[in-house]
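Numbering (the working numbering), first residue to last: 79 to 207.
Source of the hints: derived by calculation from the structure; they are not laboratory data. You can take every hint at face value.
Taking lysine to any residue and the SDA-like style, the derived pairs with C-alpha atoms no more than 25 angstroms apart in a straight line are:
| hint | residue 1 | residue 2 |
| --- | --- | --- |
| 1 | Lys125 | Ile201 |
| 2 | Lys119 | Ala156 |
| 3 | Lys171 | Ser181 |
| 4 | Lys119 | Leu129 |
| 5 | Lys171 | Phe157 |
| 6 | Lys119 | Leu199 |
| 7 | Lys171 | Leu94 |
| 8 | Lys125 | Ile147 |
| 9 | Lys119 | Ile147 |
| 10 | Lys125 | Leu203 |
| 11 | Lys119 | Thr197 |
| 12 | Lys125 | Ile149 |
| 13 | Lys171 | Leu186 |
| 14 | Lys125 | Gly196 |
| 15 | Lys119 | Leu198 |
| 16 | Lys119 | Ala109 |
| 17 | Lys125 | Tyr202 |
| 18 | Lys176 | Phe100 |
| 19 | Lys179 | Arg165 |
| 20 | Lys171 | Ile104 |
| 21 | Lys171 | Pro90 |
| 22 | Lys119 | Leu150 |
| 23 | Lys119 | Gly155 |
| 24 | Lys119 | Val154 |
| 25 | Lys179 | Glu97 |
| 26 | Lys119 | Val193 |
| 27 | Lys119 | Ile108 |
| 28 | Lys179 | Ala159 |
| 29 | Lys179 | Ser91 |
| 30 | Lys171 | Ala159 |
| 31 | Lys171 | Leu188 |
| 32 | Lys171 | Asn89 |
| 33 | Lys171 | Val182 |
| 34 | Lys125 | Met111 |
| 35 | Lys119 | Val130 |
| 36 | Lys179 | Thr189 |
| 37 | Lys176 | Asn96 |
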Amino acid sequence: MKEEKNQTAANPSDHLANERTFLAWIRTSIAIMGFGFVVVKFALFIKQISLVLTTKQTVLPGKGYSTQIGILLVAVGAFMAMYSYLRYRTTEKQLMIKAYKPSVLPALILTIGIVIVGTLLVIYLIPGL
Numbered sequence: 079m080k081e082e083k084n085q086t087a088a089n090p091s092d093h094l095a096n097e098r099t100f101l102a103w104i105r106t107s108i109a110i111m112g113f114g115f116v117v118v119k120f121a122l123f124i125k126q127i128s129l130v131l132t133t134k135q136t137v138l139p140g141k142g143y144s145t146q147i148g149i150l151l152v153a154v155g156a157f158m159a160m161y162s163y164l165r166y167r168t169t170e171k172q173l174m175i176k177a178y179k180p181s182v183l184p185a186l187i188l189t190i191g192i193v194i195v196g197t198l199l200v201i202y203l204i205p206g207l
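Please work from the sequences and hints to get the whole structure.
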């Protein structure tokens, strides 16, 4: 059988790069979920430290948002893991038909989200606010 000259084999380096990108997104999502877990447990740690350090057995007043922020970060990490898989599969299909279309919007949305969460955490950690 004679192969068509227009049809070429898929470039393995493109597929490997797609897989590396997917794994990088997965590592990032795990890190964000881990950070969310730490934020949730931080409030409990502060309460326990205040009980140990004070003689009145009173808990220092806190702002009380660390649990919500931590849960939000864990949810964002889980969403990112799912989205990264869907993006990996879409890119794989595009590479197979040689019609790759890069997407800038998801990276932009994630970057803006992380900057917003970081800003909120800085505001949360500033004493007196």
